[in-house]
Amino acid sequence: MMNSNKKRLRRSMMFLNCQKPGLIKDPYIYKPDSIMLDLEDAVAEGEKDAARYSLFHALQEIDYHGVERVVRINGLDTPHWREDVRVCVAGGADAIRIPKVESAEDVKRIEAAVEEDEKAFAKEPGSMLLMAALESAMGVMKALDICEASERLFGIALSGGDYTKDLQTVITGGGVELAGARQHMIIAARAAKVQCFDTVYTNLDDMEGFKKEVQMIKMMGFDGKSLVNPRQISIVHDVYTPTEKEIIFSEKIVKEIDEKKAQGIGVFTVDGKMIDIAFYDGAKRVLELAKASGVYKGDM
Amino acid sequence: MINKVGRDIPDEILKETGKEVFQGIYYKNKTEYIKHGPVTRVLMDNESSKLVDSIHDVLVKCGIKDGMTVSFHHHFREGDLVVNMVMEEIHKMGIKDITICASSLGKAHDPLVPMIEDGTITNIQSSGVRGKIGEAISHGKLKGLATMRSHGGRVRALLTGETVVDIAFIGAPTCDDYGNCRGIGGKSDCGVLSYSVVDSNHANKVVAITDCLVPFPNFPAHIEMTRVDYVCVVDAIGQPEKIATGAAKPTTDVRKQMMADYCTKFVTNAPYFKNGFSYQTGVGGASIASTISLTKIMEEKGIKMGFGVGGLTKPMCDLLDKGLVNCLLDTQDFDLDAVESVKNQKHFRISAGMYANPFNKGAFVNKLDYVILAALEVDVNFNCNVVVGSDGIITGAQGGHPDTAAGAKCTIVISPLLQGRIPAICTDVTTVTTPGESVDVVITDYGVAINPLRQDLIEAMKDVEGIPFCTIEELRDMAYAIVGEPEKVEFGDRVVGIIESRDGTIMDVVREIKPFSFTE
Amino acid sequence: MEILKPAAAGTLESSDAMVTVEPGEEGIEFELNSTVIHQYGNEIKKIVMETLERLSVQNAKITVVDKGALNCTLKARVECAVFRANSQKENLPWGGVIQ
Numbered sequence: 042m043m044n045s046n047k048k049r050l051r052r053s054m055m056f057l058n059c060q061k062p063g064l065i066k067d068p069y070i071y072k073p074d075s076i077m078l079d080l081e082d083a084v085a086e087g088e089k090d091a092a093r094y095s096l097f098h099a100l101q102e103i104d105y106h107g108v109e110r111v112v113r114i115n116g117l118d119t120p121h122w123r124e125d126v127r128v129c130v131a132g133g134a135d136a137i138r139i140p141k142v143e144s145a146e147d148v149k150r151i152e153a154a155v156e157e158d159e160k161a162f163a164k165e166p167g168s169m170l171l172m173a174a175l176e177s178a179m180g181v182m183k184a185l186d187i188c189e190a191s192e193r194l195f196g197i198a199l200s201g202g203d204y205t206k207d208l209q210t211v212i213t214g215g216g217v218e219l220a221g222a223r224q225h226m227i228i229a230a231r232a233a234k235v236q237c238f239d240t241v242y243t244n245l246d247d248m249e250g251f252k253k254e255v256q257m258i259k260m261m262g263f264d265g266k267s268l269v270n271p272r273q274i275s276i277v278h279d280v281y282t283p284t285e286k287e288i289i290f291s292e293k294i295v296k297e298i299d300e301k302k303a304q305g306i307g308v309f310t311v312d313g314k315m316i317d318i319a320f321y322d323g324a325k326r327v328l329e330l331a332k333a334s335g336v337y338k339g340d341m
Numbered sequence: 003m004i005n006k007v008g009r010d011i012p013d014e015i016l017k018e019t020g021k022e023v024f025q026g027i028y029y030k031n032k033t034e035y036i037k038h039g040p041v042t043r044v045l046m047d048n049e050s051s052k053l054v055d056s057i058h059d060v061l062v063k064c065g066i067k068d069g070m071t072v073s074f075h076h077h078f079r080e081g082d083l084v085v086n087m088v089m090e091e092i093h094k095m096g097i098k099d100i101t102i103c104a105s106s107l108g109k110a111h112d113p114l115v116p117m118i119e120d121g122t123i124t125n126i127q128s129s130g131v132r133g134k135i136g137e138a139i140s141h142g143k144l145k146g147l148a149t150m151r152s153h154g155g156r157v158r159a160l161l162t163g164e165t166v167v168d169i170a171f172i173g174a175p176t177c178d179d180y181g182n183c184r185g186i187g188g189k190s191d192c193g194v195l196s197y198s199v200v201d202s203n204h205a206n207k208v209v210a211i212t213d214c215l216v217p218f219p220n221f222p223a224h225i226e227m228t229r230v231d232y233v234c235v236v237d238a239i240g241q242p243e244k245i246a247t248g249a250a251k252p253t254t255d256v257r258k259q260m261m262a263d264y265c266t267k268f269v270t271n272a273p274y275f276k277n278g279f280s281y282q283t284g285v286g287g288a289s290i291a292s293t294i295s296l297t298k299i300m301e302e303k304g305i306k307m308g309f310g311v312g313g314l315t316k317p318m319c320d321l322l323d324k325g326l327v328n329c330l331l332d333t334q335d336f337d338l339d340a341v342e343s344v345k346n347q348k349h350f351r352i353s354a355g356m357y358a359n360p361f362n363k364g365a366f367v368n369k370l371d372y373v374i375l376a377a378l379e380v381d382v383n384f385n386c387n388v389v390v391g392s393d394g395i396i397t398g399a400q401g402g403h404p405d406t407a408a409g410a411k412c413t414i415v416i417s418p419l420l421q422g423r424i425p426a427i428c429t430d431v432t433t434v435t436t437p438g439e440s441v442d443v444v445i446t447d448y449g450v451a452i453n454p455l456r457q458d459l460i461e462a463m464k465d466v467e468g469i470p471f472c473t474i475e476e477l478r479d480m481a482y483a484i485v486g487e488p489e490k491v492e493f494g495d496r497v498v499g500i501i502e503s504r505d506g507t508i509m510d511v512v513r514e515i516k517p518f519s520f521t522e
Numbered sequence: 391m392e393i394l395k396p397a398a399a400g401t402l403e404s405s406d407a408m409v410t411v412e413p414g415e416e417g418i419e420f421e422l423n424s425t426v427i428h429q430y431g432n433e434i435k436k437i438v439m440e441t442l443e444r445l446s447v448q449n450a451k452i453t454v455v456d457k458g459a460l461n462c463t464l465k466a467r468v469e470c471a472v473f474r475a476n477s478q479k480e481n482l483p484w485g486g487v488i489q
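Chains as they are written, first to last, in the working numbering: chain W, 42 to 341; chain L, 3 to 522; chain Z, 391 to 489.
Just chain W, same shape as in the assembly:
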């Protein structure tokens, strides 16, 4: 049975350093869709163990008020990932973000460890979800394989810093160096019917540039973005909030299709536009997004 959380709304996924108690105690007040508790890059090599105890107790004792708790574990090329998976499962995280994924095999190794640990810690089988971060040219090229590697995998995320190094270029701010990866990944994710998330934007002094990037990735089809600071959350949510026009139009489509389907009519017009059943899912998604954004109080 599919984990019902697999398709949840993930516009904003905010990184938090597990080793900083002040950061992980109440990030839910910023209302991100997901937090990503980091055991990897943010935690110094000598503090990997300390971060796990903090993570375990945070997962067990802090009420995150429904915000999804993803944990970024250390990579498969490190000695840390196995214990990271154990603490995630034992602590009851909602999902694991696997860094530096380059193949379906990488995802499967984590999946096997998760399965073993779900048994060991008497957790419901299949409760832990996975997401894969693609951080290299190889990872991006294997995107479709990776998307299809596990039933637990809800999405893939671009990690632009390492990826551009692998391409032998740098983040320019204009996005040209990431264009191919973004386009390729979103196509792969949609082909595999999983979600797709954009890389972080680290220049906190340029909120205008950040907003432009969010507008662009939304247009490209991305479900959301990895974030590094709570200041970025409301901007993402604003960009992803449907306009009043979009909501009214979507409402009409859902209503018309529900009615016309009963009458056996396949194609019809709404506001002068040709509409058929293919519009249904998209319209539903707009209304769900509108509800999540607090701008739609209807019941469709």
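Everything labelled a hint here was simulated from the structure, so no lab data went into it. For each residue, glycine too, the CB sits at the ideal point set by N, CA and C. It is possible that part of the hints are untrue.
Just the calculated beta-carbon pair ranges, DEER-fashion [what the hints assert, rightly or not]:
1) L/Gln457 to Z/Ser404: 34 to 42 Å
2) W/Arg326 to L/Glu243: 52 to 60 Å
3) W/Thr213 to L/Lys369: 54 to 62 Å
4) L/Ile299 to W/Thr213: 35 to 43 Å
5) W/Glu300 to L/Asp465: 57 to 65 Å
6) L/Lys490 to W/Thr213: 55 to 63 Å
7) Z/Leu394 to L/Glu475: 24 to 32 Å
8) L/Asp10 to Z/Met391: 34 to 42 Å
9) W/Arg326 to L/Asp465: 26 to 34 Å
10) Z/Lys436 to L/Asp430: 18 to 26 Å
11) L/Lys464 to W/Thr213: 45 to 53 Å
12) L/Glu467 to W/Arg231: 30 to 38 Å
We have chain W; now place chains L and Z onto it with these hints.
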């Protein structure tokens, strides 16, 4: 005796001070009294000079002796050099039992601690104290009582003669040889001299201390020569970089921004938000951010402010530049932009008395629609503490908090729910400085609570979206759920200070700190 | 568990605590320095003692320098210090004596 905010004021303190317990914010409304007048030594000849060579000589001329009361202002904030300069001279002369009556004292005055310990200073009256003086008082080192007064309360104490100042020292950025003082110009430009106006009117001797003597007449004078006995020129009265700093950068802290947004939404949805409304705010990050976001909404809706009052910062002065406020009434300048702005025609200086004194024929605070304040703690009865830290040590100042809260139609207190592990919203504040009956709204990063006494505001906010309304008890419960219920700070028996209500009654007492010990 | 060697965990940042354990001989010797000692001193002691008991630490000298850490952080720092004192970093008893 239990007072109106439920605090037990020991009988011996009532006896010792001759004061009553607090009985509500309007208890003394419309009572009558005769103002205290100072001893005035007339100067009729045209030959005498008011200039005196040194602090020592001026103390001698003023007849300094044991048991006297000396007063100071705090316009130089943490850059003040005057208090230490005068007190060090008094100390050297071997004078004892001095009462300091300051509009406020800060960390700049840490050097007074040895004088407290050796009995040079035995009483302190101030808006508040910070740093080592606070620690010394809380550890019982002051022989007499520390009296914490609001800015308005201080003016009342001087007007009624409850406190008689023997010598007032007024640090003046510019002064002429006959005592006309201005807050503007010179090296220690602080813009205004509002707190000192009452000292000059009611102290028996008035000494202007300046580091910038200017040609006579230094006009228009903020402190007039007719009230000044002596002028003393020294090398430096302040450290300019600590008096008025550059304007604070708008906050990047999301929590402060969130609280500012809730505040602006509340202000603009309350019934007082219409052309001509009046407003006061503070210097904290959330206050400044809310002034900035309020400005945007005023521009959008075409609503102008009638007046802004109190201690001023750049965002308030920007309103004046943009033509969004009719005038500013200034009691203190917190940044260089405010110091510069006070030269503006519609930016007026007012005295602390005109600002906040409860015992005159009506102060500016009575005409306030909104005041935005901060607090260290707020309890479920909306009582606020702005003076005593969570460790039981005196570490803050009343300032105009109780004055503006009592006067304004809508008093908003902004505080993050948690300061580290300490909950700002609690069952009982450590010490009451501002009574809950005068506090209408509490804004935190977790939620916003309206005082149930203000059913009109609750009704007005009924359909407002985007503010997470809850009860004050819910805020406390949220805080306790995260950090656990705090134990009360344990104090010793000895009362070391009183929190005076603005009308002179006793709001609360501060007791000596007791070292912590585990219960088992 | 025994405290085999001195070990520490945590930082002195706000909302954190620095916990140091050293081998001890007779029972638990507890020392606390906290910015919130008046409000939470007893609570902190209780949490630290309970955590040591769960870990079956009977003899140790433990020093906590607390900067307003929540209970979950205090537990995490005590556990980390104790397991470091035993040089154990893997196959930890999550949900067992760590809870």
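Right, here's what the structure says about each hint:
no., hint, in the structure
1, L/Gln457 to Z/Ser404: 34 to 42 Å, "holds, 39 Å"
2, W/Arg326 to L/Glu243: 52 to 60 Å, "holds, 57 Å"
3, W/Thr213 to L/Lys369: 54 to 62 Å, "holds, 56 Å"
4, L/Ile299 to W/Thr213: 35 to 43 Å, "holds, 37 Å"
5, W/Glu300 to L/Asp465: 57 to 65 Å, "violated, 33 Å"
6, L/Lys490 to W/Thr213: 55 to 63 Å, "holds, 58 Å"
7, Z/Leu394 to L/Glu475: 24 to 32 Å, "violated, 49 Å"
8, L/Asp10 to Z/Met391: 34 to 42 Å, "violated, 49 Å"
9, W/Arg326 to L/Asp465: 26 to 34 Å, "holds, 29 Å"
10, Z/Lys436 to L/Asp430: 18 to 26 Å, "holds, 22 Å"
11, L/Lys464 to W/Thr213: 45 to 53 Å, "holds, 51 Å"
12, L/Glu467 to W/Arg231: 30 to 38 Å, "holds, 35 Å"
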